[in-house]
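Asks: Respectively, the protein sequence lines represent chains A and B.
Under numbering that gives the first Met the number 0, the residues of the first sequence are numbered 0 to 401, in order.
Under numbering that gives the first Met the number 0, the residues of the second sequence are numbered 0 to 66, in order.
Worth double-checking, as some hints may not be accurate.
Stated by the list, open to error - Computed footprint of chain B on chain A; a stretch qualifies when at least three of its residues, placed anywhere within it, have a C-beta under 8 Å from a C-beta of chain B: (1) 185-198; (2) 220-228; (3) 240-247.
Since the hints were derived computationally from the structure, they do not count as laboratory data.
We put the CB at the ideal spot given by N, CA and C, even for glycine.
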Amino acid sequence: MQEPSVNIVVVGGGSGGTLSANLLAKQLGNKINAGRVQVHLVLGSHEHIFQPGYLHVAFVGQDPTEIVREERSLVNQNVHLVEDRAERIDLKSQVVTLASRVKLHYDYLIIATGSVPNPKAIPGFSEAALNFHTSPEESRKIWNVIQQFDGGHVVVGIAGVPHKCPPSPNEAAFLMDDYFRKGGMRDKVKLTFLTPYPRPYPAEPMSRVVEPLFKERGIEVVTFFNVESVDPAKKEIYSLEGESPSYDLLIMVPPHRGADVVIESGIGDADRWIPADKNTMRITGYENAYAIGDATNIPVSKTGVTAHLQAITVTDNILSAIRQRKKLYKYNGRINCPFEMGSGKAAFVVGSYDMPVKEIHPSRIRYMMKKAFATSYWRTLSGSFDWLFGLYFGKTQTVESA
Amino acid sequence: MCPGPITDLFRAYRNANVGDVIELLATDPAARSDTEAWARRSGNEIVAVIDEKDYLRIQVRVVKKGR
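Here chain B stands alone, though its shape is the one from the complex (with noise of 0.2 Å):
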C-alpha cells in the first residue's frame, strides 16, 4: 500500500556514498522492475537480486551520485 521498499532504496542513497552498495529487502514484487528502472535512469547498478523464499533480496552498487 505504501511505497515502502522504493522509499527506502532512496534514503540509503541519499546518505550513500560512491562505491557503497545498498541491500534492500522486499517483500513487494514490484521492488525489483522499480529498482531496475531506477539504477538504469540514474547510472547505478544492481550487483544481484536474489530470491529467498519470502522476499527478495536486492543489491546495488552506486556508481554515481549527483552532479
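The following block holds chain A by itself, in its conformation from the complex (with noise of 0.2 Å):
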C-alpha cells in the first residue's frame, strides 16, 4: 500500500478538535481515499461533552447524560480516530508520543488540549467549594445541593484566572438568584459574587449591563478578591488583598490550567498556555504546528466559539499549503459568548481584536438564540452550518497572499 504523502495530526477532542478534524477529512477526502494523505484525531477521552451545558445541569436541573455524545459519532468517517492519550508533542522532529508508546509522525499538527480545572491550585478550594466547570458529575452535585438548602449566605465566583467562559460567573450568579425567587426563599438567601477583576464584569461596557441587573436582584459583588485560600471547617474564604468573608454555601469557577501533555513537552508557558500568533495560531518558532482554543496563550476568551473560529482558520491554513494556493488566512479575534442574565434573558459577548465588546443588552430572542446555538451544537461539529456561522458572525478572518 502507498505511504500517505501527508500526515495531519489533530491532539484533543474537544470543540476544536473534532471541527478541525472534520472540516479536514471533508476537503480532503478524496486524497484520503486516494492513500495521500492521512487526519489523526488524537482524543484523551471517548466522551464529547458539551461543556456550556454545565450551567443548566448545576442550576436547572437538566439531566447530565444530555450533555454527553461519543466522539466516535461527532467524526467524519474519514478520520482515523486514535482513542489514546498524547503523552509527548516533540515540535522540532514533528512526533507525537502516544500513551501506548507509539509515535505519530505528523506534516502538519494542531493542538487543541483545552485548559483544564485546577481547584487543588488553592488551598482548601477542593474541600469547600462545588464547581460547574470540571464535569457533569460536580455539577449536577450543586443542583443536588442547592434543592436541600434551606437559607443563609451563597457565596458566587470567580477564584482564579484565566478560566473558561467568562460570563459563566455571573450567569451562575443569575441563575441562582432565578432558582431561588423561584421558590419562594429568596429572602432567606444573601448572594455574594466576587471577583477578582475592577467591576461585576471585565470588560467594561458588558460590566454596565451587568452591574444594575446585580444590583436590582439583591447580588451584592466584592472585586478586587483574588482567593488566597478557604478554609472548610470555619467556612472562610481568604483573598490576597486580605479580606475573608465567611459563607454558607460555596460556589465558585476553580482558577485553570493548560494540560499535561503541554507542559510534559515543554511547549508551554509557566501556566503551561502554548504561545502561538493570534491571528494564525501558528505555535511560536514553527511554521506547520498549530494551536487553537483554550490551550493557547492567545489574550482572547477561553470559549467553544473561539476554538470554532480558530479552526476554521487554521484548517484553511493548512489546506492552501496542501493544494499550494499560497494564501494565509487570519483569525481576527471574533469571539460571540452566550450569557445568560436570568428571568429566561440573555446577551452576548461580541467583539474581535480590532472592535471593543460591545454593550448587548439581554432579551428574550437571544436567550432564544443561545438555546439554538446549544441544540445544534453537535451539528455544527462537523463543519456542515460554517455557511450560517458565516453569515450570523460575518467576517472571522481575513486573507492574504502568503
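Both chains are sitting in their own frames, so use the hints and assemble them into the complex.
Replies: This is the structure in C-alpha cells:
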C-alpha cells in the first residue's frame, strides 16, 4: 500500500479538535481515499461533553447525560480516530508520542488540548467549594445541594484567572437568583459575587449591563478579590487583598491551567499555555504546528466559539499549504459568548481584536438564540453549518498572499 | 478585549512576596486606573507610572498580601 504523503495530527477531541479534523476530512476526502493524506484525531476521552451545558445541569436541573455524546458518533468517517492519550509532543522532530508508546509523525499538527480546571491550586478549595467547570457529575452535585439548601449566605464567583467561559460565573449568580426566587426563598438567601476584576464583568461595556441587574436582584459584588485559600471548617474564604467573608454555600470557578501533555512536552509557558500567534494560531517558531482554543496563551476568551473560529482559520491555512494556493488566513479575534442573565433572557459578549466589546442588553430573543446554538452544537462540529456561522458572525478572518 | 494586563498583575501578585516590585507593561490605557484602584483597595503601592511611547510601564510594590 502506498505510504500517505501527508500526515495531519490533531491532538484533542473537544470543539476545536473535532471540528478541525472534520473540516480537513471533508475537504481532503479524495486525497484520503487515495491514500495521499491521513487525518489522525488523538482523543484523551471517548466522550465529548458540551461544556456550556454544565450551567443548566447545575442551576436548572438538566439531565447531565443530555450534554454528553460518544466522540465516535461526531467524527467524519475519513478521520482516523486514535483513542489514546498524547503523552509527548515533539515540535522539532514532528512526532506525537502516545501513552501506548506508538509514535505519530506529522507534517501538520493542531494542538487543541483545552484547559483544565485546577481546584487544587487554591488550598482548601476542593474540600470547601462546589464548581460547575469540572464534569457533568460535579455540576449535578450543585443541583442536588441547592435543592436541600434552606437559606444562608451563598457565595458565587471566580477563584482564579484565567478560566474558561468568561460569562459563566455571572451566569451562575443570575441563575441562582432565579432558582431561589422561583422557590419563594430569595429573602432567606444572601447572594454575594466575588471577582478579582475591578467590576462585575471584566469588559467594561458588558459590566455596565450586569451591574444594574445585579443591584436590582440584590446580588452583592465584591471586586478585587483574588482567592488565596478557603477554610472549610470555619467556612471562610480569604483573599490575597486581605478580606475574609464567611459563607454557607460556596460555588466558584476554579483557576484553570493547560493540559499535562503541554508541560510534559515543554511547549507551554509557566501556566502551561502554548505561545501562539493571535491571528494564524501558529505555535511560536513553527510553520506547520498550530494551537487553538483554550490551549493557547492568545489574549482572547477561552470559549468554544473561539476554538470553532480558530479551527476554521487553521484548517484553511493547512488546506492552502497542501493545495499550494499560497494564501494566508488570519483570524480577527471575533468572539460571541452567550451570556444568560436570568428571567429567560440572554445577551452576547461580542468583540474582536479591533472592535472593543459592545454593550448588549439581555432579551428573550437572544435567549432563544443561545438555546438554538446549544441545540445545534453537535451538528456544528461537522462543519456543515459554517455557512450559517458566516452569515451570523460576518467576517472572522482575513486572507492575504502567503 | 480580554482583561490582559490586570489578569497578568493578579498572576504576578499571587506569586510575589512582600517587598517585590511588579512591573506591568500595558497597551490598554485602562490598565492605569484599574491598577490604581486595586492598589488603593489592597493597600499596595504604585511606585511609578511611566508613559513609554506605545505602552504604559506601571510599577507596583507589594507591601501587603494576604491576612
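Asks: Now, for every hint given, state plainly whether the structure supports it.
Replies: Verification of the hints:
Against chain B, the segment 185-198 of chain A contributes 3 residues with a C-beta closer than 8 Å to a partner C-beta. That satisfies the three-residue criterion, and the hint holds. Counting residues of the segment 220-228 of chain A whose beta carbon lies closer than 8 Å to any beta carbon of chain B gives 4, which meets the minimum of three for the stated coverage. Coverage of the segment 240-247 of chain A by chain B holds in this model, with 3 residues showing a Cβ closer than 8 Å to a Cβ of that chain against a need of three.
Every hint, counting from the list given before, is met by this structure.
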